[in-house]
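J.: Chain by chain, the residues:
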Amino acid sequence: MPAAAATSSTIFGLSTEIIGIWVAALLTLAIYSFLYADNPVYKVAEHIFVGISAAYGAVILYYQALLPKLVKPLIIPLIDRVWHPELADATSPRYTLLVPMFLGLLIFSRFVPKYDWLSRWPIAFVMGLYAGLSIPRSVQEIILKQMHGTMLPLLPRGANGGYDFLTGFSNLLLVMGVICTLAYFYFSARHEGLLGRVSRVGVWFLMVAFGAGFGNTVMARISLLIGRVQFLLYDWLPTIGIHLGGPGMG
Amino acid sequence: MRLHIPIGLGFLAGAFMIVQFFVPHPSFEESYKALMDWTMIIGAFALVLGLQSLFRTHIDKIRRRRQGYGYSFVALISFAVMFMVGIVHGAKPGSLFDWLFMNVQVPLEATIFSLLAFFIASAAYRTFRARTPEATILLLTAVVVMLGRVPIGEFIYAQVPEATEWIMSVPTVAAKRGIMFGVALGVIATSLRILLGIERSHLGGGR
Amino acid sequence: MWEKLLFFDRRIIFVFIAIAVWVPFLTQLELPPGQTNPRTQALYDAIENLPPRTPVMVAFDYGPSGMPEVHPMAKALTRHILSRNLRLLGVALALTGPPMCQDAFSSVSQDLDKQEGVDWVNLGYKPQPVAVITQIGEDIRRAFPEDAQERAIDELPVMAGIHNYDDIGLVIDLATGNTPGAWIVYAHGPYKVKVAAGVTGVMATDYYPFLQTGQMIGMLNGLKGAAEYEELINHRDLGTLGMGSQSVAHLLIILFVTLGNVGYFAFTRRR
Numbered sequence: 037m038p039a040a041a042a043t044s045s046t047i048f049g050l051s052t053e054i055i056g057i058w059v060a061a062l063l064t065l066a067i068y069s070f071l072y073a074d075n076p077v078y079k080v081a082e083h084i085f086v087g088i089s090a091a092y093g094a095v096i097l098y099y100q101a102l103l104p105k106l107v108k109p110l111i112i113p114l115i116d117r118v119w120h121p122e123l124a125d126a127t128s129p130r131y132t133l134l135v136p137m138f139l140g141l142l143i144f145s146r147f148v149p150k151y152d153w154l155s156r157w158p159i160a161f162v163m164g165l166y167a168g169l170s171i172p173r174s175v176q177e178i179i180l181k182q183m184h185g186t187m188l189p190l191l192p193r194g195a196n197g198g199y200d201f202l203t204g205f206s207n208l209l210l211v212m213g214v215i216c217t218l219a220y221f222y223f224s225a226r227h228e229g230l231l232g233r234v235s236r237v238g239v240w241f242l243m244v245a246f247g248a249g250f251g252n253t254v255m256a257r258i259s260l261l262i263g264r265v266q267f268l269l270y271d272w273l274p275t276i277g278i279h280l281g282g283p284g285m286g
Numbered sequence: 029m030r031l032h033i034p035i036g037l038g039f040l041a042g043a044f045m046i047v048q049f050f051v052p053h054p055s056f057e058e059s060y061k062a063l064m065d066w067t068m069i070i071g072a073f074a075l076v077l078g079l080q081s082l083f084r085t086h087i088d089k090i091r092r093r094r095q096g097y098g099y100s101f102v103a104l105i106s107f108a109v110m111f112m113v114g115i116v117h118g119a120k121p122g123s124l125f126d127w128l129f130m131n132v133q134v135p136l137e138a139t140i141f142s143l144l145a146f147f148i149a150s151a152a153y154r155t156f157r158a159r160t161p162e163a164t165i166l167l168l169t170a171v172v173v174m175l176g177r178v179p180i181g182e183f184i185y186a187q188v189p190e191a192t193e194w195i196m197s198v199p200t201v202a203a204k205r206g207i208m209f210g211v212a213l214g215v216i217a218t219s220l221r222i223l224l225g226i227e228r229s230h231l232g233g234g235r
Numbered sequence: 014m015w016e017k018l019l020f021f022d023r024r025i026i027f028v029f030i031a032i033a034v035w036v037p038f039l040t041q042l043e044l045p046p047g048q049t050n051p052r053t054q055a056l057y058d059a060i061e062n063l064p065p066r067t068p069v070m071v072a073f074d075y076g077p078s079g080m081p082e083v084h085p086m087a088k089a090l091t092r093h094i095l096s097r098n099l100r101l102l103g104v105a106l107a108l109t110g111p112p113m114c115q116d117a118f119s120s121v122s123q124d125l126d127k128q129e130g131v132d133w134v135n136l137g138y139k140p141q142p143v144a145v146i147t148q149i150g151e152d153i154r155r156a157f158p159e160d161a162q163e164r165a166i167d168e169l170p171v172m173a174g175i176h177n178y179d180d181i182g183l184v185i186d187l188a189t190g191n192t193p194g195a196w197i198v199y200a201h202g203p204y205k206v207k208v209a210a211g212v213t214g215v216m217a218t219d220y221y222p223f224l225q226t227g228q229m230i231g232m233l234n235g236l237k238g239a240a241e242y243e244e245l246i247n248h249r250d251l252g253t254l255g256m257g258s259q260s261v262a263h264l265l266i267i268l269f270v271t272l273g274n275v276g277y278f279a280f281t282r283r284r
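Chains as they are written, first to last, in the numbering used here: chain A, 37 to 286; chain B, 29 to 235; chain C, 14 to 284.
Bound conformation, chain A alone (with noise of 0.2 Å):
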């Protein structure tokens, strides 16, 4: 897994892939250490976390998204333009990107308390732009479409052009399903009478809902265990000579 490490430089007479395995070998099992109690090792482990990701995360945003989006179209111009007038060939800077990198420096006046109202322009400029896009598309993409893929036969004939009575009942039942669950989730009129027995039906849908989310979640869960095992076994035990099968191998 650790493909980074391709590049095969040494250190101190060990390769980096081999060095890279074993860090992340212990690393792990230091975060193992917490199912048994929580503990120090644990904790720095944890702590060695916050601070590289967030690292990361920084530098990433810097080199992928300022970078060749902000500094590199109108910073880097920009400066030639002004410090080295005589490289005439320079590309031009993008002056219409001025605009949000103004309303994206606004938000760090938030660090000053007498300023920190203008830090509303680029949330509001970048919220309404969003509500702008979202209404025409949720109504189309998800309120029409999905109601569409409900207006389903109730009695639709199969391949051999006799009746599917068989989708025909799944078919009713989603019907009735999306009703139900629509009728659980009107919450202007009390639940009794048939707004009460409907709504009650659309509980059932809900929990069977639920439940094959549960069933999903449990595989999801086991499945990132069986990442780090496999990663353990196939990757490091063969650090030390030991090899159990793995991809490839018989």
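These are calculated hints, taken from the structure and not from any lab test.
Check the hints yourself; a few may be wrong.
[What the hints assert, rightly or not] Straight-line C-alpha distance at most 20 Å; calculated SDA-like pairs for lysine to any residue:
id	chain 1	residue 1	chain 2	residue 2
1	C	Lys207	C	His176
2	A	Lys79	B	Phe83
3	C	Lys207	C	Asn62
4	C	Lys17	C	Phe27
5	A	Lys79	B	Gly96
6	A	Lys181	C	Gln225
7	C	Lys127	C	Thr67
8	B	Lys120	C	Thr67
9	A	Lys79	A	Val59
10	A	Lys181	A	Ala195
11	C	Lys207	C	Arg66
12	A	Lys181	B	Ile140
13	C	Lys207	A	Gly185
14	A	Lys79	B	Ile207
15	C	Lys205	C	Asn62
16	B	Lys120	A	Thr52
Given the structure of chain A, go ahead and fit chains B and C onto it with the hints provided.
T.: Below, chains B and C without anything else, positioned relative to chain A:
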């Protein structure tokens, strides 16, 4: 004034998006692309702002010598090391920065999340009870799905994967769709409130 | 006795889970993934039906936390796409996505003798998912002026003739968050590009409504989805190898739930 300018700015941005949706005129195209670019740039600044809470929490802990403040040093030093490595050596694939990500962050993050496997098993044992008819439905569905999502389920009863797929495709879709309608209507209502300046919670308090 | 069964140190459960996951690996218990889910098959068929050199965009919207489930999918899909001689474009809407992309693409392309920049490219990360997805629909060069190695994308042969979703045959979102919804609403909706996903088990139920409407053409669900895909492309890897442990752990948890309930009802009846 301090509230009216941002509300006006939000309204203009949102109104442009709605007009652009209904009248996708070529003359709007360049402005539309520019606005998307601007959003990405502002978004990058906003994410940088997220770092402040990390610094505030840990510096505060160290300054007040609160219990376990030594670990806050660990967090800040880790940050400084990773940040400097990234800025000095670059962050391209194969770099030292990349090595640290793959061999420190990946195992730590993946292992922390994998602890959930143990906790979900413990929770399933202690709290997953068929106390009511509703809870029984939930429990039975979960068991069928758990069997249907592993190869061994098929050995126990050949139709389990099909039953699981039916549960996922019919009753689950019905319930999820009901929830989805509610969420989508909520998003639309909130978006309209933001555009019209009725919803102001994202702008904080004040005048 | 029932009391003992109900209230014991939870670390005993932890030990059982660890055994359930480790033992199948140590005994090399191999279980084939079994029946292929129709959603997995649909994604496989969609890739099979693309003409050679069609660009496929894979979004790496996950990180280390979702790696055990989603990364095997990424590798299997990469193998299938590259071996079908399609062009492969990786993008990331999650900060931790670019190294995932690099790892999946470079490790598989070494096996298949495919070249970075010619057959595949890692375009890296950009913030604000909805803005990025929309911008790709307008002009991919505007969204991603450079790849993750800071090379101008106009210089890369793999990008020749690709301007927006009109030139892309399929978008596959590999995700641990809610980005598949954004790809459906903001890419498939306005630009009609085909969208599929590979998601963690936790999220799978959320996307079945979109599969039913055809807004999403296929989906891989969790490690089992990855194992099924490995079986389809005839290359067994970490997904398939995990199925033995996955099976035993599920049986154990079902046993826990049963015992927990038996203990609970026996205990409350006695009281």
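J.: If a hint holds in the structure, say so; if it does not, say that too.
T.: Here's how the hints hold up against the structure:
Pair hint lysine 207 (chain C) plus histidine 176 (chain C) holds up; C-alpha atoms about 16 Å apart against a cutoff of 20 Å. The hinted pair formed by lysine 79 (chain A) and phenylalanine 83 (chain B) meets the criterion: a straight-line CA distance of about 18 Å does not exceed 20 Å. The suggested pairing of lysine 207 (chain C) with asparagine 62 (chain C) holds, with an alpha-carbon distance near 13 Å, which does not exceed 20 Å. Straight-line distance between C-alpha atoms of lysine 17 (chain C) and phenylalanine 27 (chain C) comes to about 17 Å, which keeps the hinted pair within the 20 Å bound.
Under the criterion of a C-alpha separation no larger than 20 Å, the hint pairing lysine 79 (chain A) with glycine 96 (chain B) is consistent with the structure, at around 9 Å. For the hint linking lysine 181 (chain A) to glutamine 225 (chain C), the alpha-carbon distance of about 10 Å falls within 20 Å, and the restraint holds. Of the pairs offered as hints, the one joining lysine 127 (chain C) and threonine 67 (chain C) holds, with about 15 Å between alpha carbons and a cut-off of 20 Å not exceeded. Straight-line distance between C-alpha atoms of lysine 120 (chain B) and threonine 67 (chain C) comes to about 27 Å, which puts the hinted pair past the 20 Å bound.
Among the hinted pairs, lysine 79 (chain A) with valine 59 (chain A) is consistent with the structure: their alpha-carbon atoms are about 16 Å apart, no more than 20 Å. At most 20 Å may separate the alpha-carbon atoms for a hinted pair to count; lysine 181 (chain A) and alanine 195 (chain A) exceed this at roughly 25 Å. Restraint check: the Cα-Cα separation between lysine 207 (chain C) and arginine 66 (chain C) comes to about 17 Å, which is no more than 20 Å; the hinted pair holds. Our distance criterion of 20 Å between C-alpha atoms is broken by lysine 181 (chain A) and isoleucine 140 (chain B), whose separation comes to about 39 Å.
Pair hint lysine 207 (chain C) plus glycine 185 (chain A) holds up; C-alpha atoms about 17 Å apart against a cutoff of 20 Å. About 39 Å separates the Cα atoms of lysine 79 (chain A) and isoleucine 207 (chain B), which puts this hinted pair outside 20 Å; it is violated. Restraint check: the Cα-Cα separation between lysine 205 (chain C) and asparagine 62 (chain C) comes to about 17 Å, which is no more than 20 Å; the hinted pair holds. Proposed proximity of lysine 120 (chain B) and threonine 52 (chain A) is supported: the alpha carbons are some 17 Å apart, at most 20 Å.
In summary, the numbered hints that this structure violates are 8, 10, 12 and 14.
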